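**Q** Chain by chain, the residues run as shown.
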Amino acid sequence: MTSKFPERSLTYSPTSPRTLFNTVMTVVSFICGVLVLVPLVAVLSYIVIKGFGSLSPSVFFELPPPPARGGGGFGNAILGTLMMVTIAALISIPFGVLAAIYLTEFSTGSLARWVRFATNVLSGVPSIIAGVFAYGIVVLGLVKLNLGSYSAIGGGFALAILMLPIIIKTTDEALQLVSQDLRQASVGLGATNFQTVTQVVLPAALPAIVTGSSLALARAAGETAPLLFTALFSQFWPSGLLKPTPSLAVLVYNFAISPFENWQSLAWAGSLVLVFMVLITSVFARWATSRNG
Amino acid sequence: MATNTTTVNDTETVLRTENLNVYYGKFLALQNIWLDIPKNQVTSFIGPSGCGKSTLLRCYNRLNDLIESFRAEGKIYFYNDNLYAPNIDPVEVRRRIGMVFQRPNPLPKSIYDNITFGPKINGYKGTKEDFDQLVERSLRQAALWDEVKDKLRQSGASLSGGQQQRLCIARAIAVQPEIILMDEPCSALDPVSTLRVEELIHQLKENYTIVIVTHNMQQATRVSDYTAFFNVKVSEGGRSGYLVEYNSTEAIFNDPQQEDTRNYVSGRFG
Chain A
1 MTSKFPERSL
11 TYSPTSPRTL
21 FNTVMTVVSF
31 ICGVLVLVPL
41 VAVLSYIVIK
51 GFGSLSPSVF
61 FELPPPPARG
71 GGGFGNAILG
81 TLMMVTIAAL
91 ISIPFGVLAA
101 IYLTEFSTGS
111 LARWVRFATN
121 VLSGVPSIIA
131 GVFAYGIVVL
141 GLVKLNLGSY
151 SAIGGGFALA
161 ILMLPIIIKT
171 TDEALQLVSQ
181 DLRQASVGLG
191 ATNFQTVTQV
201 VLPAALPAIV
211 TGSSLALARA
221 AGETAPLLFT
231 ALFSQFWPSG
241 LLKPTPSLAV
251 LVYNFAISPF
261 ENWQSLAWAG
271 SLVLVFMVLI
281 TSVFARWATS
291 RNG
Chain S
1001 MATNTTTVND
1011 TETVLRTENL
1021 NVYYGKFLAL
1031 QNIWLDIPKN
1041 QVTSFIGPSG
1051 CGKSTLLRCY
1061 NRLNDLIESF
1071 RAEGKIYFYN
1081 DNLYAPNIDP
1091 VEVRRRIGMV
1101 FQRPNPLPKS
1111 IYDNITFGPK
1121 INGYKGTKED
1131 FDQLVERSLR
1141 QAALWDEVKD
1151 KLRQSGASLS
1161 GGQQQRLCIA
1171 RAIAVQPEII
1181 LMDEPCSALD
1191 PVSTLRVEEL
1201 IHQLKENYTI
1211 VIVTHNMQQA
1221 TRVSDYTAFF
1231 NVKVSEGGRS
1241 GYLVEYNSTE
1251 AIFNDPQQED
1261 TRNYVSGRFG
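Read top to bottom, the protein sequences are chains A and S.
For the first sequence, the working numbering gives the first residue as 1, with consecutive numbering after it.
For the second sequence, the working numbering gives the first residue as 1001, with consecutive numbering after it.
Isolated chain S, as found in the complex:
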């Protein structure tokens, strides 16, 4: 079924997943994942609920460490460092590999402080002007500056859902990560806000590598260069997710090699 060859292009690889198995307690949630994420490209993960795509995404910045029963076997290389090696500091990993969550979750602070919080806790040193510039640059990159420049001292919660999500993206950018992980970033947004976030993703890939989990296949075709399709296998031990096919988005949607992928992308799944 799943092919082991998953290097799909010749640009530099930032994240190399090697034979990753993820367990929650005894239950195998993800099995035998081999997958390379190319630099400065958008890679999307699609698949039915429970296929483990969010779990995999959260493995990339070790957010799953917060789940007590979580256990990962295998390797994820970030350039040349195995993220799951015992000598890796997960706190530093999360600075380099940022995250945008499904529901906008601005911190209970002002818009300005939402942006400066990450840099401050990460030891960013600068004058007032440096911080002002950082805030402006981050908000501009997140295409939010024009809407909020006159109310930077207002609470982040006072913004609309779409603006809050762009604030969260700006916040993630502010710590200057190399990769931004997005876990269904548009599923709580209206179509107009979704479109703005998608445009933003296009611009961001100039500077960042983006991995996005989405339930929306049109979104995957619109924003991503590469697409990985995951499926879920029901066995006596429970349900576990696996990678079915990984290729350029065009190939996945127009010429899928696997029957399951074909059924899923054409809406005939399940």
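Only chain A is shown next, with the shape it has when bound in the complex:
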């Protein structure tokens, strides 16, 4: 047997071409790993530096001040954002999770293919289109019914449309990762489809579903465009689900482009609060699911 393998010793040689290439590529991937941290750290630290100075307890509880005056806050916008994100979550999480369960657990063939395709298309739809859609359905609908116009419902609906594809996709993937053995173990004990899904499959996929949902929530909380013409904005406390509702994202947008210094600094503080709300939600979600995992 003539060996056409190159002679190599067992000793590690850092200069052999093969090892060298391996080392170089490892370093390259490490550098890329560090580089992606740079924007994250830069954005966060810039917001903290700019926003922290204008942060005070009053920003959480007071209404926006008139231009060119000190004090005040954006308690109404925090409340408005929470309201609309809650509405969006209440619509999109049940629909999205159930749709994904149908896709992985029960569907066969072409319907699932079309639903997955539609989900992919929907996730690529620009958020402003979702806003226009919600405007057409909810805002104009409310006007027709004489119930109102711009509203928290409209904003929540628009955000729900943006969250839906993310939730369906992450849940779908999480469920597909659940091993087939587990399903067979449950079915083999005489469990119905419902029992298998609710008691075996869903618990196994729960951490991934929660992570996906909190990512979707985070995305929705930061959306501005679809809220501009569904929820509009208001300088006052939200007075009902059918009234124009302020939100942090729109507040940041409005105030950041205003010429007034006090509004600009409130916009920085608003960005900081928004970022931390998102951060706390995802940290809490992970903690809650890892605890019993």
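Because the hints were derived from the structure by calculation, they are not lab data.
None of these values were measured; they are calculated from a predicted model.
Honestly, I wouldn't trust all of these hints.
[Unchecked claim] Here are the computed lysine to any residue pairs in the SDA-like style, where the Cα-Cα straight-line distance is at most 25 angstroms:
hint	chain 1	residue 1	chain 2	residue 2
1	A	Lys243	A	Glu261
2	S	Lys1109	A	Leu79
3	A	Lys4	S	Asp1065
4	A	Lys169	A	Leu182
5	A	Lys4	S	Gly1123
Chain S: place on chain A using the hints.
**A** Chain S alone, transformed into the frame defined by chain A:
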């Protein structure tokens, strides 16, 4: 309990394990292993689950390096090189000491490419004919050639479980290793396929040293020349495996020196 004298014959030793302790984090998985693997012989590792026989097997080609909490103390000499010395290249170790896994794991490539993948990544230079010959020789040695010679371009996954495992053996042979480690290679196979793999092991020991982990004691008696019996000791720190007895397979099964071995091989264990 465990004797320290584990050189059981006078043929050349390829792998000499000296005072090996293996830790996963703080937990001691294998303790105080002294064991010599003879060249061109089949050595089998038997013992109850959790006794560390697979862990030891994976120490021989440094596959355990992929486990983050893994740590080995002691020495394993491959001829004269200590495999755990800092100047050893684990990548090269694994070329010389091949592995066949419990579940057949053909790569998602054609049968032909499954065989040529290893040689290619290891710098094998040759013409198309050289590769064709290499594929044929490897598949013949693995007793698979006649079954697949007309469908070398088909996916490795299209074969039956037993054929896939022989493909994995052919793949391991193709890089011309000196030792082939087998981790329960037949536990996912039917009896007919098992028999074929066992016959194959017999033929392979002409050219290779084979170390095989098995749960099947009949298999150990059928294929191996030497047998090491491992047991597991439960202490306050957890469970750790140790070598109880190592001898020729005949001696282990017919005249074991240790009570534990006697109980295990006669099925009265635990």
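**Q** Please go over all the hints and tell whether each is borne out by the structure.
**A** The hints, checked one at a time:
1. For the hint linking Lys243/A to Glu261/A, the alpha-carbon distance of about 29 angstroms lies beyond 25 angstroms, and the restraint is violated.
2. Taken as a hint, the Lys1109/S and Leu79/A pair is broken in the structure, with Cα atoms around 56 angstroms apart against an allowance of 25 angstroms.
3. Using a Cα cut-off of 25 angstroms, the hinted pair Lys4/A and Asp1065/S is violated, with the two alpha carbons roughly 28 angstroms apart.
4. The suggested pairing of Lys169/A with Leu182/A holds, with an alpha-carbon distance near 21 angstroms, which does not exceed 25 angstroms.
5. Distance restraint check for Lys4/A and Gly1123/S: the Cα-Cα separation of roughly 8 angstroms lies within the 25 angstroms cut-off, and the hinted pair is therefore satisfied.
Violated hints, listed in ascending order, are 1, 2, 3; each of the other numbered hints is respected by the structure.
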